[in-house]
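There are 2 protein chains.
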Amino acid sequence: MTAPSGLTVGIWPTGAAYINGRYVSVDEAAIPVTDWGYRRSDATYDVVGVWNGAFFRLDDHVRRFRNSMCELRLAPPESDEEIRQVLAECVRLSGLREAYVAVDCLRGKPKLGLARHPVNCSNYLAAFAIPWVWVVSQEVQRRGAHLMIAKTPRISEASIDPTVKNFHWGDLTRGLFEAHDCGADNCILLDTDGLVTEGPGFNVFAIVGGTVVTPDRGALEGITRMSVLELCNELEIPCEVRPMRAAELREADEIFLATTAGGIMPASRIDGRILGNDSPGPLSTLLRETFWTKRAEGWHATQIDYR
Amino acid sequence: MTAPSGLTVGIWPTGAAYINGRYVSVDEAAIPVTDWGYRRSDATYDVVGVWNGAFFRLDDHVRRFRNSMCELRLAPPESDEEIRQVLAECVRLSGLREAYVAVDCLRGKPKLGLARHPVNCSNYLAAFAIPWVWVVSQEVQRRGAHLMIAKTPRISEASIDPTVKNFHWGDLTRGLFEAHDCGADNCILLDTDGLVTEGPGFNVFAIVGGTVVTPDRGALEGITRMSVLELCNELEIPCEVRPMRAAELREADEIFLATTAGGIMPASRIDGRILGNDSPGPLSTLLRETFWTKRAEGWHATQIDYR
Chain Y
1 MTAPSGLTVG IWPTGAAYIN GRYVSVDEAA IPVTDWGYRR SDATYDVVGV
51 WNGAFFRLDD HVRRFRNSMC ELRLAPPESD EEIRQVLAEC VRLSGLREAY
101 VAVDCLRGKP KLGLARHPVN CSNYLAAFAI PWVWVVSQEV QRRGAHLMIA
151 KTPRISEASI DPTVKNFHWG DLTRGLFEAH DCGADNCILL DTDGLVTEGP
201 GFNVFAIVGG TVVTPDRGAL EGITRMSVLE LCNELEIPCE VRPMRAAELR
251 EADEIFLATT AGGIMPASRI DGRILGNDSP GPLSTLLRET FWTKRAEGWH
301 ATQIDYR
Chain B
1 MTAPSGLTVG IWPTGAAYIN GRYVSVDEAA IPVTDWGYRR SDATYDVVGV
51 WNGAFFRLDD HVRRFRNSMC ELRLAPPESD EEIRQVLAEC VRLSGLREAY
101 VAVDCLRGKP KLGLARHPVN CSNYLAAFAI PWVWVVSQEV QRRGAHLMIA
151 KTPRISEASI DPTVKNFHWG DLTRGLFEAH DCGADNCILL DTDGLVTEGP
201 GFNVFAIVGG TVVTPDRGAL EGITRMSVLE LCNELEIPCE VRPMRAAELR
251 EADEIFLATT AGGIMPASRI DGRILGNDSP GPLSTLLRET FWTKRAEGWH
301 ATQIDYR
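Chains as they are written, first to last, in the numbering used here: chain Y, 1 to 307; chain B, 1 to 307.
Among the hints, a few may not be true.
No copy is singled out in the list; a pair is fine if it fits within one copy or between any two copies.
For lysine-lysine, the following DSBU-like pairs were computed, each having C-alpha atoms within a straight-line distance of at most 30 Å [to be verified]:
hint : residue 1 : residue 2
1    : 109       : 294
2    : 111       : 294
3    : 111       : 151
4    : 294       : 151
5    : 151       : 109
Since the hints were derived computationally from the structure, they do not count as laboratory data.
Required output: the full structure, derived from the provided sequences and hints.
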């Protein structure tokens, strides 16, 4: 059976994409090399996870994405409802039951004859669904990630708002090379005041004396982060959202990371220091297991129609 | 007659491009939506100007581009000599006598089966030649640009090195919207210490009591900036490269901007204040005219073989 687009379910198992109104295989999905979305990183995006054939917190992602676009004065033709449909259609065309689903809004290029200014561009959407991505591999999640605090400071909030999801990753990429050079799996960046912000694509949590702590600034307001706060409430684990000093992270009892593309991901080392018994700690493990159990039960799920 | 590529001169007058080893029309030149060059703005670039059928300071641009790639640990397959050939071939295929010629190096994507880390990506080049671009239109150059100092601070040098040409333009784009909202043509950004850095795609110069001053930090080491310093030396105009406070810029006798895509571009207003008689000042005009006269005479020129 075919759907509104006239294309068969699962025709693009390596991934299906939507570029400015047209559905294509992800292998053909491309953006002009002259587009300011690329040449000026003038774009925002969001990533929704699909697990067991259902989106997780789809409406929360679409709401955040719309806020990000408004902040950057980006206005694509699609409504929020159309965005939800585009994302579902990408998943349907891929046929994937577990997928990483991204949606970007790009500035575009100045219209012919108009001044070279972002106000004169036609903004548009690019979206794609590809097989599920683990930001931290499952193997590393089992032993706990080895983290390091990078010397490169996170780009300041005054210059680039981290709550507007963006591709300004030069600092995070430098941090990843720092991690690579010292044999760590991943990095965490501080701001110029020495406060913990985030890592490349994830929020950071420390567990200190039974309390879960996560930074209140300098980081994306992650949807998985929000889910962690809900789980803490449900499990009656004390939780604080507040400034977090680097020393506090280094001396934490447990550390875990949170992201759409991986859920709750425990760490076992930071800057060479071994946490607990060099494996995921008990509270991190409880949160992670509860998270996936609830996901399997349909928590915040929006079922995808694959017909 | 056809050239080594077998393609005829001037077949793509809207622009010719080179993407990862292949020549195409610029209208077809695209990069994968999943490429980290776009999704993490993990790329560097350079822009060379072609005027009267010749590159300006080609070797200086290629040298800077190679330095930028090394800093970011990007290593495409092409040698410096091959990069020069690619750029010349793009211009030849466009047939353009005046062109804006860009060359990017993108991170690419992690190779199949390897960890999602920038070390595991195949870096590649994208280049294109399109009709000449004026960052400040000729009309605005004649009356002098109306500038404003943006509230948005430039991304700190500690997070992103501004001497490595990059697409982290979110702060500059915000500055452009600030300029638009107050009716100015363009913006200049300060660092968090209140020192002048640069604007979207150009270096900044103030003339104070007959001395030309340009910031020594927080900005790209522009090739046109270097040419201005050479011209000052030749014309025996005193010149200083040092920290520049915002107040000094606001109270300058003259201001001008410098970029590949426009040369030396005088301003006539800053933050609403009128400079001189509301038109390009005498020293800015002298420098601008000398610059273009010397360009016409073949200064630092590398002739392009259009056969």
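Results of checking the hints against the structure:
1. For the homomeric pair residue 109 and residue 294, neither the shortest alpha-carbon distance inside one copy (44 Å) nor that between copies (33 Å) is at most 30 Å.
2. When the C-alpha separation of residue 111 and residue 294 is checked against a cutoff of 30 Å, the pair qualifies neither within a copy, at 48 Å, nor between copies, at 34 Å.
3. In this assembly of identical chains, the alpha carbons of residue 111 and residue 151 lie at most 30 Å apart only when taken from different copies (27 Å versus 42 Å within one copy).
4. With identical chains, the CA atoms of residue 294 and residue 151 are never at most 30 Å apart, being 37 Å at best within one copy and 45 Å at best between copies.
5. Taking identical chains as interchangeable, the C-alpha atoms of residue 151 and residue 109 lie at most 30 Å apart only when they sit on different chains, with a minimum of 25 Å there against 36 Å within one chain.
Hints 1, 2 and 4, counting from the list given before, are not met by this structure.
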